[in-house]
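Trainee: Here the structure of chain A is known, so what remains is to put chain B in place on it, guided by the hints.
There are 2 protein chains.
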Amino acid sequence: MTAASYAAVDWGTSSFRLWIISESGAILAERRSGEGMTTAAKTDFSAVLETHLQAVFAPPHLPVIVCGMAGARQGWVEAGYLDTPAPLSAIVQAAVTVPDANRDIRILPGLAQRSKEAPDVIRGEETQLLGAISQLGNGSHLVCMPGTHSKWVRVTGGIVDGFSTFMTGELFDVIAKHSILSHAIAGAGSFANDDPAFLDAVAKAVKNPALATNLVFTVRSGQLLHGLSADDAKARLSGTLIGLEIAGALATAKPGSGVCLVASGALAALYQSALSALNLNPVTIDADEAVRHGLAAAANAIWPA
Amino acid sequence: MTAASYAAVDWGTSSFRLWIISESGAILAERRSGEGMTTAAKTDFSAVLETHLQAVFAPPHLPVIVCGMAGARQGWVEAGYLDTPAPLSAIVQAAVTVPDANRDIRILPGLAQRSKEAPDVIRGEETQLLGAISQLGNGSHLVCMPGTHSKWVRVTGGIVDGFSTFMTGELFDVIAKHSILSHAIAGAGSFANDDPAFLDAVAKAVKNPALATNLVFTVRSGQLLHGLSADDAKARLSGTLIGLEIAGALATAKPGSGVCLVASGALAALYQSALSALNLNPVTIDADEAVRHGLAAAANAIWPA
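Chains as they are written, first to last, in the numbering used here: chain A, 1 to 305; chain B, 1 to 305.
Next up, chain A with everything else stripped away, as it sits in the complex (with noise of 0.2 Å):
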């Protein structure tokens, strides 16, 4: 039987993710829930992983490295965040231990950005970034990691140059739910990733940003004067932010940087045939092994063999 290393845990706003890890790397078991930090917070952090340790069967000592949101304020023990511009590798060194637990936990830090025109703030995404650099390699690198908050970060040799969040996917969700788009977008499901009314809209609202309020209201002018259907209007509002995402990213890229995307199934998909219908052809990299990559980096670091 191979022996466990270590745990690797991605602990997101809303999800909890676990990994056992075996001394050559592999993944000996794995855990995925609800209780994110928001969970979390309410019950006990030690106890959520104490139960998914354990539902396992890990090994009493094995130590656990964590990113994500339960190194928030409103997390389990606040990991703070390193400033930009920023090693990734010295995510590792500034890694918090959490007190008096039964075994070694380290939760990494996010990256902030602190100037006073563009503050911003990454936590998670800073280990897939570690994760993903030693497949990006050296020279500029404009890096979109699509999600609730999309973050376009830019590296150049290993180095954080800075970052900028777009909340695409939260608003898309608050507008398809609140707003009178509602009406015409209920009962949709999904769309192709090559659904001309996603491709139409990301190409509109990349050739012109500004008319983006604008193109959001045609998914219920659409609906009204030319009978729009649910899933067009779906793939419409979609598309016209993704695509504000885009134009603003692309304004804050270093000339000559490639387009690198960090995500994992549908989502990464639809970027990827947005940004490919942009000619933008991003190298992909799953989201998924790159933060196992990442966590794996700092374990062997924190816990060399």
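Simulated from the structure, these hints should not be mistaken for lab results.
There could be a bad hint or two in this list.
Said to hold, decoys possible - Which bits of chain A does chain B cover? Going by a derived footprint, with three or more residues having C-beta under 8 Å, they are:
1. 116-126
2. 170-182
3. 201-211
4. 215-221
5. 237-248
What the hints assert, rightly or not - Subject to a maximum C-alpha distance of 27 Å in a straight line, what follows is the list of computed BS3-like cross-link-like pairs (lysine-lysine):
6. B:Lys177 - A:Lys207
7. A:Lys177 - A:Lys42
8. B:Lys207 - A:Lys254
9. A:Lys42 - B:Lys254
10. A:Lys177 - B:Lys177
11. A:Lys116 - B:Lys177
12. A:Lys254 - A:Lys207
13. B:Lys254 - B:Lys42
To be verified - Reference excerpt, derived from the structure (chain A facing chain B, CB under 7 Å, subset only):
14. Thr156
15. Ser164
16. Phe166
17. Met167
18. Leu224
19. Ser229
20. Ala251
Beta carbons: idealized from backbone N, C-alpha and C, even for Gly.
Mentor: What follows is chain B alone, placed relative to chain A:
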């Protein structure tokens, strides 16, 4: 005693306003209530109207001219849309008579822009425009009518060439209430029209509209990193959305158009401040007066003395 000539009604989605107008054009009485289309559609449009008319002792056969959402499909009697380009004077000819009523009640139509590229609709603002047109005069105008759904209308010599709706007011509302920014804005009061946080956000969004959803996120990150106050957070969100709207509207304007603001109260002051800071120096027309003038123009054409 001056005799009443007609009743003028501006029936919006969530508001009802009625004025009794004399033969000389003076306001004899006024009523305001929250019985907009949404409420009246659940009870009875006719009953709501008659209750307000009786409250001001309107004569039994006093005719009534109505604009706004009472003419929507989900309203009282559908008054359809005039297609752009449309002369504002044509609104009067397209008024619809409420059938089987005890008095002569006419509802004015909206305007529709049926292009596939930029479908859009207006209902209510066309009557404000009709009332504002004499003050605008000939030439090309870009008319800003701010609100839940801000309308920017391109008018040349009394003809509506086209228009664009921006969801500014509604987006402000759903983002402030339902997104993560609700924490940053909680407890905020009102902010001054010349609040630097507001004007700075307007300028930033106009300069780089593509960064809109990133600028919106700095409401949150500014609070985390720089202790941005709730009042400034609210001002920044408002300024970003209004700046984005202005940038988009300017992108649709005919070169050489003068900017005109049709608005009342706090919203008028806020847009006046934003537009002036951008050196757009709008002619401002009171929206309440404009809608009464528009209803008067329709009433005088339909029921000449």
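Trainee: Determine for every hint whether it applies to the structure shown.
Mentor: Now the hints, each set against the structure:
1. 116-126: Coverage by chain B holds for the region 116-126 of chain A (5 residues, Cβ < 8 Å).
2. 170-182: With 8 residues closer than 8 Å to chain B, the region 170-182 of chain A meets the three-residue bar; holds.
3. 201-211: holds (count 4)
4. 215-221: With 4 residues in contact (Cβ-Cβ under 8 Å with chain B), the coverage given for the region 215-221 of chain A holds.
5. 237-248: holds (count 5)
6. B:Lys177 - A:Lys207: violated (30 Å)
7. A:Lys177 - A:Lys42: Distance of about 26 Å is within 27 Å: holds.
8. B:Lys207 - A:Lys254: With Cα atoms ~19 Å apart, Lys207 (chain B) and Lys254 (chain A) stay inside 27 Å; holds.
9. A:Lys42 - B:Lys254: Judged against 27 Å, a Cα distance of about 56 Å means the pair is violated.
10. A:Lys177 - B:Lys177: holds (12 Å)
11. A:Lys116 - B:Lys177: holds (25 Å)
12. A:Lys254 - A:Lys207: holds (20 Å)
13. B:Lys254 - B:Lys42: With a Cα-Cα distance of about 42 Å, the restraint between Lys254 (chain B) and Lys42 (chain B) is violated, given a limit of 27 Å.
14. Thr156: violated (20 Å)
15. Ser164: Since the shortest Cβ distance to chain B is 5 Å, the answer is holds.
16. Phe166: Holds, because the Cβ-Cβ distance from Phe166 (chain A) to chain B comes to roughly 5 Å (cut-off 7 Å).
17. Met167: Where the cut-off is 7 Å and the nearest Cβ of chain B is about 5 Å from Met167 (chain A), the hint holds.
18. Leu224: Leu224 (chain A) check passes; min Cβ-Cβ to chain B is 6 Å, inside 7 Å.
19. Ser229: violated (14 Å)
20. Ala251: holds (5 Å)
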